[in-house]
Structures are given as C-alpha cells and as structure tokens.
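Protein chains: 2
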Amino acid sequence: MSERRVTIRDVAAAAGVSVTTVSHALNGKGSVDPATRERVIAAAGDLGYRASRAARALRSGRTGVIAMLLPAPDTLDAEREMLSLDYYMQLAMAAAGAAFERHHPLLLTPPLKTVAELRELGVDGGILCDPGRADPRLALFEELGLPVVTIERDLGRPEHRWYVRGDNEANTHELLDHLADAGATRVAMLAAESDWAWSAESEQAYRAWCASRGQEPIVEVTGLHQLEASAYESGGRLLDRPQRPDAIFALAESYATGVVRAARDRGLEVPRDLLVASGIDSQQTREATPPITTIDLLPQDQGAAAARLLVERLEGAEPAAPVVVPAALRIRASTQP
Amino acid sequence: MSERRVTIRDVAAAAGVSVTTVSHALNGKGSVDPATRERVIAAAGDLGYRASRAARALRSGRTGVIAMLLPAPDTLDAEREMLSLDYYMQLAMAAAGAAFERHHPLLLTPPLKTVAELRELGVDGGILCDPGRADPRLALFEELGLPVVTIERDLGRPEHRWYVRGDNEANTHELLDHLADAGATRVAMLAAESDWAWSAESEQAYRAWCASRGQEPIVEVTGLHQLEASAYESGGRLLDRPQRPDAIFALAESYATGVVRAARDRGLEVPRDLLVASGIDSQQTREATPPITTIDLLPQDQGAAAARLLVERLEGAEPAAPVVVPAALRIRASTQP
DNA sequence: TCCCATGACCAAAACGTTTTGGTCTATCGT
DNA sequence: ACGATAGACCAAAACGTTTTGGTCATGGGA
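Line by line, the protein sequences are chains A and B.
Numbering-wise (UniProt numbering), the first sequence opens with residue 1 and increments by one.
Numbering-wise (UniProt numbering), the second sequence opens with residue 1 and increments by one.
Keep in mind that the hints are not guaranteed to be accurate.
The list treats identical chains as one, so a pair stands whether inside a single copy or across any two.
25 Å max Cα-Cα, derived SDA-like pairs, lysine to any residue [to be verified]:
#1 Lys113 - Arg102
#2 Lys29 - Glu120
#3 Lys29 - Glu312
#4 Lys113 - Val323
#5 Lys113 - Asp177
#6 Lys29 - Ala51
#7 Lys113 - Asp265
#8 Lys113 - Arg266
#9 Lys113 - Gly16
#10 Lys29 - Ala55
#11 Lys113 - Ala51
#12 Lys29 - Val325
#13 Lys113 - Glu101
#14 Lys29 - Leu58
#15 Lys113 - Arg59
#16 Lys113 - Gly156
#17 Lys113 - Arg330
#18 Lys113 - Ala320
#19 Lys29 - Ala139
#20 Lys113 - Ser52
#21 Lys29 - Pro319
#22 Lys113 - His160
#23 Lys113 - Gln300
If you are wondering where the hints come from, they were derived from the structure by calculation, not from laboratory data.
Generate coordinates for the entire structure from the input sequences, incorporating the hints supplied.
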C-alpha cells in the first residue's frame, strides 16, 4: 500500500556503502573506486532510484529547472498582433523536450520585471528568445549570477557569447539568390522596425547583397503591430513606385500575406508579376494562396540547441558557443513564375 | 556581500514568536491569535520573506508547480500540421501568467507516456488541453493522485468534472444564427475527425440547429493532417453538390482558408456567393482575404481560468466546476455580403 | 624506518521548511 | 470548586539530499 519513496539510503544499503559514497558515485564528485561506482549505479538502477529534486535543491541550491522567456510585448494586446506565435510555440516545445530528456524541466515564464520575481521562480538558468538591444531581462539573470542562453544575439551585448542563432546572412543571401535565379531584377525588402538581431542582420544582409550586385537597395520599414495591415500599406507603396520591384522579400510571415494582398488589389498576380518570399515560415505561408516561399528557421532545432547548450553549461561542461543552426529554404509557388 | 537568504527564523525573531507560529500564521494552519498573525505577516513583509520552495517541497511533498500538457500528436510531423499553434500558445501563456501570479510556476511538459516520467517532473497537478476520449494522460495523473484540470472535457470520462470549456453549443448556435441573418439558407459544416469534445459538441450543435430549423444537415468530415489541403478537397465536394450550400461553417482555422480557396477556384466569391466562418480564431483568419468570421474562444480566458481552477484546488479550496468561458463572435467580411 | 601524500570511504551537519506532539493558561459547564 | 475543553504557543523531529571534515589504509620517497 504505502509506496514509500526509494531514497539514497536504500541505494546505500543495497550497495553496501554509505550515503556519502552513493552521492559521490552518482554525481561523479568525490573519489570512489570504479568497481564501487559500478555497484552503486547498478543498485540505483535496480531500485529505480531518482534523487529527490526538492532535497537536492534544498541542500545544493540548484533546482535543475530552466526558465523559458518568450519575447515580452508590453501589452497583451500587442502580443496578439506581434508574435509569430507559431514559431515560438515550436521553439518552446522543442526546448522543453530537449531539456526534459536531460532531466531539466522547463518553466514557461511570464514577462519578468524584477529580480525578486526571477528569484522566486527558483530556476538555475534561462533561455531568452529574441532579446531586444541590451535586453533588461538578460541583466536580471546576470544579477543573480544565473546562466542565460539567448536565441539570436543581444545586439547591445557583444560580449555575451552564449547564444543560438540562425545564419541570417547566409539564409538571406540564399533566398535572394533564389529570387534572382527566378528572374527577379529589382528585389525590394519589407524590413521590420525592431532591435532584434534577426531583423537587423537580415536587413543588413539584404543591403550587402544589393551592394554586391551593384543594385540599389529598396527598403520599406514596417511596423510591428497590425502586421498584415502595415505590410499591405508599405508593400503598396513599393508597388506604386515608378520603377516597380519585381520581387519582394517580406521579413515577417504576415508581411508576405499583406504584400500579396496589396499586389492583388493592383491587378498584379503572384508569382507572374511579382515574386514574394518571407523570412520566416509558418502555417500561414504554407497555406497561403499561392503558398509562399520562406526561410524555415527550423525552430525545433533552435529550441533544442538552446536547451542543450544551457544544460551543458549547468552541468559544468564548457560547450562551444555560439551555435549556428542551419535553416531550410522552402521554395513554394510564390517564387516560381 | 553575502546576501544571506531571509529564512523563517528571521521572521520568527523579528515577530518575537517561534518558527512554528510563523509557519502557522503564514499558512493559516494552526490556531494563532489574530494580533499575532498580523505581527507575523508584517514582519515577513518587512523582511521580504518568501518561503523556500525547495524546503517546503521537501517537507510537505508539494512543489507548487503545475504541468501544462498540450495535445500530444504521435509524431512531431503531425504536430506541425495539426495544432492550432496560435491558440495553444495563447492558452499556455495565459495559464502561465495566471498561475505565476498565484505563486505557482507552470511547466511546459513534453508528451508524457509513463508514470515514472510524470513522477520525475515533481508537479502538484496538471492542466490537460483537449483530451482525447479517455485520454491516457489523465489516468497517469490519477494514478499518482494528482489533480488535473482539463480544457474541454474528456468525452470518455463523464465523471471528471474538473474542466474549463467553451460553450460550444451556444457559440455554434450564435454563429449559425449570424449566418442565417446574413442570408444563408443552406449552411454546411466542415467537421473534424477527432474525439475532442470541442469538435464533437460543435458538430452536434450544428445538427441540432439544423433540426430546429427543419433543415437537413450537410456535413463533410475532414482529416486532421494537411488541414488546408483536406479542407480544399472536402470543401470542394460541398461546393460541387447539385444543391450548393450558400454558407460553410468550417470548424478549424485552416479549414476555412481551404474552403475559401476551393470557392475561388470555382469562380465563387466570398462573401458574395458563399459565406464562410470558422470555429476558431487565429492570425490566419484575421488576415485572410477576405478576413474570416470566427468564434474567438478567448484562449487567454480559458488558460487563465484553468490555472485559477487548479490553483484553488491545490490550495485546498473547493472551487465551483466546471467553468464555462464565454466566447466572442468575431464578425468579419467573409460573412457580410 | 618514518613521514606524508593519496585514495577510498564514512558520520554527521546542514539546507529551510512543515508537522508532530506536546505545555500552559483561561474559560466553561456543572 | 473541579474537570474538561479549547486556544495560543512552542521544541524538536522529519523530509532526502549534498557537503564538510574527518578516519584509516596503502604506498612511495627520504
């Protein structure tokens, strides 16, 4: 009836050693005879022993728990419009899976403002997605001496090298080359008004690509709220130029659909009269009419990589960082005339 | 330098009582003089005391942590296609926020298979989203005696009354009435092939509505993978009927866009020749061309309600359940001829 | 031979709570 | 006036680890 918990004492008894030795053997801490260690590990396995997270946390101060911080808009209303929820969901689930495999649960963390809030969470470290320039949340962690891995860099923190990122330059180049191959001669960009590395680097890569081709960059910066509507407008401005672009690289997913609508309203057909591609993949771009070519950043890979990186740090290893996660170009009808 | 933690002992000293009394006063457990309780609470406040989660967990066996279980598809590939990621993201974030406010962190939990995995998580309870019929994950929690709140009921568990749900019958009726008001006389439904309560109840409500109007129900069941493509096909079948429907209630978000495409391919214009509405709201329906009328289930409210319900149970209250969360009908161009 | 590392091991303390099992005083019913 | 009951309080045990500060051989260098 009474399913008593298997404690370290039970393991010690089974292996015929002290609890100290069990602890050392299992955590690779002190010095224990290899044979003894084997015996302890076997005994622990037989009994199905798992150290109590609470006891461990109490004594050592480490909980093993990881905080996941998604981009925190100021208002919830803004969130609705702004986030590529699709992308972050994939990211979060993948990170949770990878962390859990390594016995580190992942906390979904609401926007944090103060050190007290962070302290109360009782986490050992955090994954911070798309930090703004000199993101205050990063500072919060540092204040408590907790390790952080960011997904994409913090542009205001060049010294912080613990991050996972997409190869935004290469991805952008590849996409733009694809557009050129498909016949585009005047490629414009719908960039985002943000201080995220992803956004800044993508825009910069676009400009570099233009320069390398002796082409003049055509950039419209688009707002972060009311994504589709903003893109409809700024995309429309691009299309109304005397020298109309024949391809548009719309950074966000909703930008792309906004541009397609603007084109359609002007009697332009995608991809016949205009090629459209997006810098991020989602159900929206996959299922749009026509389906839209995108850079799939593989959020599953990014999330898993970030979790791995953080866990390795937590466990005392010195993993190589930063990590660059390759993306996949998803070529769809919107760029195939 | 040494920022020593404020412990219960410090509070006891400050209030001039024993640690037992502090514990009792703060947790409302034993019997303490109201004046003393005040004094203790004041002292704790002054010192900024927060009970150590680890210590509490160790002694009492309760961690205060909540597990969040999203619908677990068998393969990750299926997930990509199937989930309304948007909706679940909102749900999860809202639940995390509401739980955190009440000092209960929320764990994002990967698909669980065994009791051992669940035990290792060390949670006090769980929120289970969209359980399938007799969902095995619900059983996992029960096996450990942990409370669960589901979002939408488990159709195979009528006795389990701890759930939060949308008023699917009323929502569906309201939406269908709106279609009728907009001039529809033959409303068809694109239902989903699933054993979720949301899906089953919505379909049933549709049939009931038809019956109450003496109208024959027209239902096409659509697959859960390749949502948009499946809906394009089954929606097309509806449109190719000799007696073509003049409105389609497409349950899932991607069903609606699929139907719109099928209509467009047949030279039908939405909303002129066909009204289209969806049972779930998302960025996709908001930004579609034309924007699609939907039932916004208000996942923020559902998530927060579920978290509240579970937390109240965890804290020993006997909250009223089940909870019905009202939805909002989002009327958009797709149903305004 | 003696001394000093070093390796293998262990008993006990410590982490910060909650819970158990009390003591003591005041009040109530008879 | 007496025992019983309830209220207010407390000391100590308990939760299951990790860490501290050892002991005791064993072997190598002087």
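**Item:** Hint numbers not upheld by this structure, sorted from lowest to highest
**Value:** The structure conflicts with hints 4, 5, 7, 8, 9, 12, 15, 17, 18 and 19, although it agrees with all the remaining ones.
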